[in-house]
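*Asks:* What follows is each chain in one-letter form.
There are 2 protein chains.
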Amino acid sequence: MGSSSGDSASVPDYDGSKVSARPETSLLVLNAPEPPPPWQELSGRVRRAVLAAGNRPSSSTKWFVSALLGLFPILRWGRHYDRKSFRRDLMAGLTLASLGIPQSIGYANLAKLDPQYGLYSSFVPPLIYAVMGTSRDIAIGPVAVVSLLLSSLTQKLVDPYTHPEAYRSLVLTATFFAGIFQASFGFFRLGFVVDFLSHATIVGFTGGAAIVIGLQQLKGLLGINHFTNNTDVVSVIKAVWFAVHQPWNPDNFLIGCSFLLLILIVRSIGLRKRKLFWLAAITPLLSVVLSTLLVYLTRADKHGVKIIRQVKEGLNPSSVKQIQLTGPFIGETAKIGLICAIIALTEAFAVGRSFASVRGYQLDGNKEMVAMGFMNIAGSLSSCYVATGSFSRTAVNVSAGCETTVSNMVMAITVFVSLLLLMKLLYYTPVAILASIILSALPGLIDIKEACRIWRVDKMDFLACLGAFLGVLFGSVEIGLLTAVIISFAKIIICALGHKIEMLGRIQGTDIFYSMRQYPSAVETPNLLILRIDSPFLNFMNANSVKERVLARITGGCDAAKERAGEMTRFVVLDMSNVSHIDTSGIPAVEEMHRKLTSDGVQLAIANPGWQVIHKMKLAGLVDVIGAEWIFLTVSEAVEAAGGCGNEEDSSLSG
Amino acid sequence: MGSSSGDSASVPDYDGSKVSARPETSLLVLNAPEPPPPWQELSGRVRRAVLAAGNRPSSSTKWFVSALLGLFPILRWGRHYDRKSFRRDLMAGLTLASLGIPQSIGYANLAKLDPQYGLYSSFVPPLIYAVMGTSRDIAIGPVAVVSLLLSSLTQKLVDPYTHPEAYRSLVLTATFFAGIFQASFGFFRLGFVVDFLSHATIVGFTGGAAIVIGLQQLKGLLGINHFTNNTDVVSVIKAVWFAVHQPWNPDNFLIGCSFLLLILIVRSIGLRKRKLFWLAAITPLLSVVLSTLLVYLTRADKHGVKIIRQVKEGLNPSSVKQIQLTGPFIGETAKIGLICAIIALTEAFAVGRSFASVRGYQLDGNKEMVAMGFMNIAGSLSSCYVATGSFSRTAVNVSAGCETTVSNMVMAITVFVSLLLLMKLLYYTPVAILASIILSALPGLIDIKEACRIWRVDKMDFLACLGAFLGVLFGSVEIGLLTAVIISFAKIIICALGHKIEMLGRIQGTDIFYSMRQYPSAVETPNLLILRIDSPFLNFMNANSVKERVLARITGGCDAAKERAGEMTRFVVLDMSNVSHIDTSGIPAVEEMHRKLTSDGVQLAIANPGWQVIHKMKLAGLVDVIGAEWIFLTVSEAVEAAGGCGNEEDSSLSG
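Protein chains in written order, with the working numbering: chain A, 1 to 655; chain B, 1 to 655.
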C-alpha cells in the first residue's frame, strides 16, 4: 500500500512478504504513520490562542483595528444602532434598574457589605460589559450565589462585623483576582475550566445555595442580632431556634412576609399574563418605597423594626488602595477569587448560552471571559465586588425587549442617578424588606423539574446533583462544590475503567460484528470467540482485570462459553477498536494473554487497534510477539483468516 | 426485526413505517434492549465475591472442605510432596536464611526498631504464608521500601528515639491494620486497589525510595549521632554536610565500605557464574560474622566503632497488648496501615506475578491478599512488623531451586534457631555492616533500563514515573506516592477528555470508513463530511468543545475543509462508535449541534451510537429531535442514505 512510516526510524515496516495470504487492507494497520505525540495537541492549542486574535492580517494597522473590533464588539454593531432599538433598550434598561436596585442592595447585604456596594457593582461592571460583551441579553450585576460564596469564604479570614474595613479590602482583592483569572481564561482560551462543573452539579449546587441563602435571610426577617457565621442548615436552624426563644419583635417578620407575599402574588400574575411582566419587575422597587414610607410615617424603627440607617451617598469611590497584593491572606484570597471567577462564569455562561440559543446566535466563550474579567478588574478598583450575568434580571431584560447591551448601560446610568440623588431615602428602609426581595428571587434557582429529568436520564449525574445539593446544605459552599467535582470526576474514572468485555456476533447478512447483548439478533461464529474490550483504556487500573476476564471467557468462566462446552475455542479475536490508549501496564497484559492462550493452543488475533495503541505495540515489540500476520483492520478480516486457519489446524491435528 | 424493547415502557418503539427507505439493519440501533443499569455490574461483582469461595457445593461438609482447601493451598499440594522436593526446598531455605537474617536486622534498623524485630518478622509471617500462599517462589520477610515507609510515616506521630515503646506500639498497630486491610481486599475481591499504582509509578517510586534508603544509611556508615528525621535529599545532605564538618571517626566508614565492596564484588562474580550464586547469597552473613569477629578481637568499639549492643534473645514475645485500637493516633495509624498494605501488596504482586509467569502458573490475587493479610495480622500479635514478598530474596529463593513454600518454612525455622541461640553473638556487630548490607540490596531496586523503556513507549507514563521518583527524592515518601497517583489519574482524565475529532474516509475497495490521518490512503466522500468523536465521553467536560469543533469543521475552520471551499457540505455523518457514555450535558450539545446544522441547511446523521448513548438519547427525546430516520448502524449505511438524500436536495434546489 502507498503509506509508509518514513518518520519513525525505530519502527519496523511490515510488508506483504511477512504476512502472506491475508487481505491487503490488513497491512494498513501496521503501516499507519506515527501518531502525533500527546503534546502536539497542547502546543496547537497555545498556537491557536496566540494567533487567533488577529486572524493573521496583512498590516499592523489592520491587526490593530481587527483586535480592537474583537475586543469591543460595540464598535461593530454600534454603527448600525438605530433609534428604534434604543427605545426598546431604554425601556428594558429602566425595567431592569427597577429590579436591579433593590436586588443589588439585598445581595450586598448577603455579601456582608454596606448597601451602597451592591449599587456600585451595578454601575461600573455593566458599563464595561456593554462595550466588551458578546451577549445581547445578559444583565450584569451582583448575584445571589456569588455573594453568598464571597461572604462565606471571606468571613473565615476576617470577621465582617468586627473588622469591616479589612473584610471589605479582602472582598475587593478577591474580586480583583477573580477578574484577573477570568481575563486570563479568556486570553489563553481555557474555557474548559468553566466546564469543570457539570450541568447536573450546577443544578444541585444552585438549589442548595438557594436554600442556604433563604435560611440566611431569616436573620433579617426575624430581626435577629446574634446569628451564626456558618451556612449549613443545622447551624442556622439552631441559631434561629435559639433566637425565637428569646424575646423578639414580630414586626420585622410581619413587614418582610407581607411584602414577600405581595411580590410573589404579583409575579404569579405576571407569569400568567405576559403583558404584565413589568409589574412583577417593578414590584420589588415599589415594595422598598412603600415599606420605607410606612416605617418613616409610623416611626416603627423606634419600636424594634430594624432599618438600614447608614447609607453613603455619592459615586463609586476609588478602591485601588484597598487591593492587597501582599499580606498573610494573599493565597487564600486568590483561591476565593478563583472559585468566584469560575462560579460567576458558570452562571453567566448558563444564562448567556440558553438565551443565545433561543435567539439564534452564538456566544464567543473566550471574548465573554475577557469581558467579564475586565469588568471585574475595573470593578475591584472602583469599590465593586464580583458581578456577573444574573438569571432573574436577564430574564426580565429579555422580557422587556432588550436589543443590545445598551440596556445594561441604561440600567447603569439609572443606578448612577440614584446613587447621586436617592441614597438618603434608603435610611428608613427596613432590613426585612431586603430579605424578602432576596427570598422572592430564590424559587427560580431551585429547579426541581430539571432534577427529575436528570434522574430519569442519568442516575450517576443525579448522584452528582444530589451530592452538590446536600454538600452545600449540610456542609458548606466549599464542601458542596468539592463533593460535586469529586463525584463528577470519579464518574469519569469509573466509566473509563468499567472494562466490560462484550461478546460480538455477526449481524445477519452483513460483515459487521456487534455486541450480542446490544443486538440480540447477532449470531455467534462457531469455534471462534470474538471479544471486544469496551474501555478506552488498557492501563494500570484495568489491564490485569481485562486479561483475567478474557481468559475466564475462554476457559469457561462465563455462561455463554459454558453453553458450548462441547466445542473447543481455537481462535480468539480481540476487537480493540474501542481501546484508544494503552500504557506500559497494558502492553504486558496483552503479552501475557497471548502467552497463556498460545500455551492452551488458542490463536489470538487483534482487530482494529487504535492509532496510539498499534504504535505503542510496535514500539514495545508486542506486534512481533503476537505476529504481524495476526493483526487485522476489521473483525471480519480476522474471522475470515480464522476460518482458513481453524480448518488447517483441525486437519493438522486429525492428520 | 426480532428484537423488542419490552422492558422499557417509557421508551417508544421504532418500526419500519416511520423510517422507510433505509436498510433494515438500521432499526437494530433504535430497538436494542435497555442496557443494564450502572449498578448491575457492581452488584454482580459483590454476588460473585460472596458466592465464589465455595463454588456452590452440595453439602455443608463439602463446602467446608472446599473452603479449607481454598484457604490453605498446602492441603492440596502437600499430599503429593516428596523427599526430592524437600531436599531442594531445604537447600533453598537455608540459602534464603543466610541472606534473610542479616537483611532483616538491617531493615529493622531502617524501620527504627531493635534488630530482633526484623528477625521476628522473618519467623511468624513466612510460616503463615507457607500454609496459605499460592505462590511457590515468593520469599516472605521485611522489605526495604515498606520499612522506610513505616518509619518515615510513624515517626511523624511519635519520636522513635525518645519514646521507643510508644513508637513500637504504633508500628505494630499499623501492621495490624495493614493485615486487616489486606485480608479484606482479598475477601471482598478488591484487587483493583493494588492497581492504583501503575507499573511506571512503581518503577519511579521504588527507584526514588532506594536512593532515599541509601542516603539514610549514611548515618550508620559515617557513625553520625545526630541525623535528620526527614527523608528528602536536601535535608539528608545538609545533615551529612554538618556531620562531616565535625570531628568524626573514619573507622565506621572503612568497615562499612570495605564489606560493601566485598558483597558487591562477590555478587558480580555470582552473576557471571550462575553456579556460584549461593556464594553471593551467603556473603552478607559472612560479612556480619567476619566484621563482628574483627570488632570483638580488636575491641574497636572502644575506639569509636558503633556496635549494635542490645539484642534481646528468645522467641517472638506476644504483642497483643501493644495493639492500640483507641487513642489519638488511631486514624493516622489506620492510614499508615492502608498505605503499607497497598505498597506491600504491590511489591509482592510484582514479584509473584513475574516469577509465576516465568514458571508458567497463575497467581490467585484474592487468595494472595488473604494470605498476606493473615500473616500480617498474626505477625502484629507476635511483635512482627509488616512483611511481604521481597525482590532480592525471592530471586535467591528461585535461583536456589525452591519448589514450594516449604523453603519459607525452612528459613523461618532457621531464623527461629538463631533467635534462640545466636543472638548474643550480635552484640559486637558493627552498625556500619548493616548499612552496607542494605546498600548492597539497593541497586536491584533502581531500574534505569525499565525507565528508558517506559520513556520510549509512553511519554506520559514516564512523566508519572519521574514524578514519583522526584517526589520521593525531594519531598517525602507520601508526596512521591501522591504525585504518582495524581499524575496517573490526571492522565486518565486528560486522555478520556482529549476529544479529538477525526475526519473519516473510505478505505478503498471496502465499505469501511476509518480515520484519514491514521490511514492516509482512505479517500474523502464528496459533499459529505464524516466525523468521528474520538472520546469515550460526551460529557460536561468536553461536550461544548466537541460541539464547537464539529461546527468549526463544517463552517470552514479547518484546513481540510478549506481545501474544498468550493463545495458545499450538505450532510454530516457523526460516527459515535467510540462514544460509550453521554451525560445530561452531552445531550444538549448534540441537540444544539443538530439545531445549528439544520439552520445552515446541513443534515446531521448519527452512526453507531453506543448502547448507553442511544438509550439515553431515546430517554431524553433526542432521537425524536434528530429524527429516527437519521440514526444508522454503520457509517456506510449513513453515507448511502446521504447519497440518495443529497441528490434529491440537489435536484430540488436546482428545480
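None of these hints come from the bench; they were simulated from the model.
Computed from a prediction, not measured in an experiment: that's the story for all the values here.
Be aware that a few hints might be false.
[Unchecked claim] 25 Å max Cα-Cα, derived DSS-like pairs, lysine-lysine: (1) A:K367 <-> B:K367; (2) B:K335 <-> B:K156; (3) A:K596 <-> B:K367; (4) A:K547 <-> B:K459; (5) B:K459 <-> A:K367; (6) A:K500 <-> A:K459; (7) A:K367 <-> B:K500; (8) A:K156 <-> A:K321; (9) B:K547 <-> A:K459; (10) A:K547 <-> B:K156; (11) B:K367 <-> A:K500.
*Asks:* With reference to the structure, classify each hint as holding or not holding.
*Replies:* For each hint, the structure was consulted:
1. A:K367 <-> B:K367: Measuring from Cα to Cα gives roughly 58 Å; hence the hint is violated.
2. B:K335 <-> B:K156: 13 Å, holds
3. A:K596 <-> B:K367: Given pair A:K596, B:K367 holds - Cα atoms ~21 Å apart, limit 25 Å.
4. A:K547 <-> B:K459: 24 Å, holds
5. B:K459 <-> A:K367: Violated - the C-alpha atoms of A:K367 and B:K459 are around 34 Å apart, more than 25 Å.
6. A:K500 <-> A:K459: The hint holds at about 19 Å.
7. A:K367 <-> B:K500: 23 Å, holds
8. A:K156 <-> A:K321: 22 Å, holds
9. B:K547 <-> A:K459: 24 Å, holds
10. A:K547 <-> B:K156: 40 Å, violated
11. B:K367 <-> A:K500: Holds - the C-alpha atoms of A:K500 and B:K367 are around 24 Å apart, at most 25 Å.
Checked against the numbered hints listed earlier, the structure breaks hints 1, 5, 10; every other hint is satisfied.
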